[in-house]
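> Protein sequence lines correspond, in order, to chains F and W. With our numbering as the guide, the letters of the first sequence map in order to residues 1 to 307. With our numbering as the guide, the letters of the second sequence map in order to residues 1 to 249.
These are computed hints drawn from the structure, not numbers from a lab. Incorrect hints may appear among the rest.
To be verified - The following label-pair restraints were derived from C-beta to C-beta distances:
(1) W:LYS116 with F:ALA275: 32 to 38 Å
(2) W:ASP185 with F:GLU19: 43 to 49 Å
(3) F:GLU264 with W:ILE178: 55 to 61 Å
(4) F:ASP90 with W:PRO91: 44 to 50 Å
(5) F:GLU19 with W:SER107: 55 to 61 Å
(6) W:THR74 with F:SER4: 41 to 47 Å
Small disclaimer: the values here were computed from a predicted structure and weren't measured. We treat Cβ as the ideally placed atom computed from N, Cα and C, and that holds for glycine.
Each chain, letter by letter, is given below.
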Amino acid sequence: MKFSEIDASLLSTIANITEVPSGAVNIRKDGQPLIRMSSPNITINPKQDKPGIDVIVKPGTKGESVHIPVIVTKAGLQDLVYNTFEIGEDADVTIIAGCGIHNDSHQNSGHDGIHEFIIKPGARVRYVEKHYGAGSGSGKRVLNPTTIVRMGRGSYAEMELVQIRGFDDTYRKTMGYMEDKAYLKIVERLLTHNEQKAQSEIEINIEGQDASAQILSRSVAQDSSYQVFKAAMIGKAACTGHVECDSIIMGNAVIKAIPYLVAENSEAVLTHEAAIGKIAGEQLIKLMSLGLTETEAVNTIIDGFLR
Amino acid sequence: MLRLEQVSMSVNQNNGDNKEILHNIDLEFDAGKLYAITGPNGGGKTSLAKVIMGIYGLSSGRIYLNDEDITDLTVTERARKGIAYAFQQPPRFKGLTVSDLLKIADSELDIIGLRKSLRDVGLCPEDYLDRDVGPGLSGGEMKRIEIAQVLARRATVSIFDEPEAGVDLWTIQRLIGIIVNRYKDNPNNTAIIITHNENVLPICDEIIVLEEGRIRSRGTYEEIWPLIRDEIECKRRLECRGEMGYEIQ
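If we strip away everything but chain W, and leave its shape as in the complex, we get (with noise of 0.2 Å):
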């Protein structure tokens, strides 16, 4: 379904050096499974997902949907081609509403399934529908939003980063129920969440660990979590005693 074959991707650095970020990524993601990509900070996860959605340029490789090499084509092009990408932080918009951006992402959508769109992420339509996207929401409830955007274009493939940041537990149980029924199983879609959650883990078909830039490891669930159990944990640990900023990427 998606294929990167040797995507390198670099970029400037204040001193005008390159710095390469992505190394020789090869990496094929099959219709029907659930992909999970987990690493420490700054090994190149949110950068893996802009390349794949087209807002990072590569530097080399090539980028294959369905057999289709669209390396070449723009952010918009490969929205229109099926792939879709619930930003870590999304950006707010001064004067456009919850509705209107639901509306953006499916233009098909009658008030039923904005209504819905907003229950699947545990959000009161009533409350949220006519609200700006402006400084007036949390950052949890943008995040909410943001993802419910993205299962309303109903992609070929959806990338999904951080979604349980700034979440409350229960929403990202509901959230895991959504992205199970909507993507295990499908022969049409394939979902790809970057994540730290060891909730979210479990429910994933395979586990990709990227550090540094480069594969670390790829595996099941049951292959992958002694690898990196003593790490997350490692992590919570610290947080807990406000040694670490809350950011865990």
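If we strip away everything but chain F, and leave its shape as in the complex, we get (with noise of 0.2 Å):
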């Protein structure tokens, strides 16, 4: 099958997919199925109740993944989707997800993606979710995603949500609820411009014994742009939480970081660190000296710190 020129480009950046990937596939176009394809071990089937798809994973798959990209290019449409992903237990995969939104028109366009992850005792996920806007219409790009983990005994997940440019406004929520001698491990990633705003909102509650969760966000905030960024940990049990958020500020930006803890247990080890600062007038002059102009050092020093 043969992408359009713009599918080709909004799915290269969200999922690295220059062609239709081996294993299962689900791409999702205008709230349409393009492409549904499962595997042996990855059987997707659409919803029957409202629009989504159920990814489950047998028991014991292992090094397989999942591309389950969304585009949308209609002008004015407002895409809902409700994915489940149920993972077998000892299995280990990768989903990689994403949306993209091309937009030229003056009508907005949004995407709102609820996911729900059911990590089975012993499974191990790495989940990347990248988001990408584009197009030169007036109308707002809009994405709102939910991403819901509920994590077995012993299971292992490591989420990396990113967002570069692109979208007006975003309200992300991430919920995650942890069994006994769960890892979890969430990294965000964004960058804001122009007069964009996003929020995103993270509570983890750590409810089994010797589980242990990591949020880590890295934002950037330029022009006028506007972010603000809530990460709960809660411990319920014995366990070890940590909460991370860096920000750089630029021009007129605004960052709200507010990291939040409570533990309810007294064998409970959260921690949280939080800074918010412009870039250092020494790292630009080192990477002049060394030859780049102070627009390619900031990019350099921005790109480094987004990674």
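Using the hints, put the two chains back together into the complex; each one sits in its own frame.
This is how it looks when you write it as structure tokens:
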């Protein structure tokens, strides 16, 4: 199958796809399935009661990946999708998601993706969700992803949530519920510019003994953009949790970073670090002394920071 | 090669007054020679290096590189003309790796070149190439990585600001060997080393003693060492007694 130029550009940016990938795939375009393929170990079924899919990974599946990108190119479309992922015991898989919106019109386009992960005991998941907006229209590009993660005993999940430019309004909500010895790491990277607004709220409930969670956020706010980052780590058992939010602020941007810790067990160890600051002058001078212009130095620092 | 004519530099103080840090400095640095700049704390050594690199502006005077007036050039332009500066306290970068910085220093460096750059400064490439130039590195490691970047620049004029600070003795000897091989008698390059290290001073063709923003004396090691030996040895004794900080700029 050959993608259109716009589709190919969006898919390449959000999911590194240049052709139909092997394995389980679900590509959704303008609210409809464009490509849907299951693999012997990973089944993708449409939901019967609402838009979206169920992705079922058989227990013990190792080294396989699932691609489920969404693209929106139709002006005025507000896409809403519910996806559920059930990762069988002792499976080890990578899930590549993401949303690309191309809007050349004056009407708003948007995508609300509600993802629920049920990670069975001993399973391991690496989840990458990258968002990208493009197009020359005055209509807004709006993105409101919700992610719910339910982790069984001894399960492991690494979630990388990336949004670099392109969306006018974003409200992201992420919830986690962890049983004994589960490990969850959420890495969020965000860059806003112009008048963009982005709000991210994360709440991790560590309910199991010896479970461990980390929330790491790196963000850059340029021009007159506005960011709010709220991260709550709630320890309900003997567990460890760490929240780290680190932001570069530029121009007339506003950043609010609100780490929030709740310990409901005396054996819970919860920590947080938060920092907001501009790019240090000595960093710029250092890179300029290696031959970069000031603009190149700024871009190099931001690219590295958000890598 | 590099010429400073009547260079003065001032800074604004908290009370709004100007304070002159460098006073009418005249200096010439020739190709193929190694220069040491030494002198007491606050003498203006790092300020002089930053003036040459363009980080600090002049209040008066001119700077010439190969007879071209570079006084009004930016830091970037001077770097591209062939001036390199190893910072005394290099900044850290979240997310940029050692490999990233070396490739910015020399975009033509391949993996063999990257590895050699690190080995030259006594760092194991496997352990460092992919590491962030962030809080995880010690001061000594940062210093060696900084020197590796300047060596990778292959600049016409390379300035090393206290290369020995925070670096172990074995590595200092190694760095001295590399600097001598690279710069001594090389008709295209010159190196200026800001130092207090008595092992570095003898390898230099000329030593310039800067004090209170003025050149107090200059000459060969044989001429200058007897004049400054007592000061350096006195400082070392004071350091050993813990009466001074470790910084003996």
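> A separate judgement is required for each hint: does it hold in the structure or not?
Here is how each hint holds up against the structure:
1. Remark: the range hint 32 to 38 Å for W:LYS116 to F:ALA275 is upheld by a beta-carbon distance near 36 Å.
2. A C-beta distance of roughly 58 Å is found between W:ASP185 and F:GLU19, which places it outside the suggested range of 43 to 49 Å.
3. Checked against the hint of 55 to 61 Å, the C-beta distance between F:GLU264 and W:ILE178 comes to roughly 58 Å, which is consistent with it.
4. For F:ASP90 and W:PRO91, the hinted distance range of 44 to 50 Å is satisfied, since their beta carbons lie about 46 Å from each other.
5. Our hint of 55 to 61 Å for F:GLU19 and W:SER107 is violated, since their Cβ atoms are close to 32 Å apart.
6. Between W:THR74 and F:SER4 the beta carbons are some 45 Å apart, a value that agrees with the proposed interval 41 to 47 Å.
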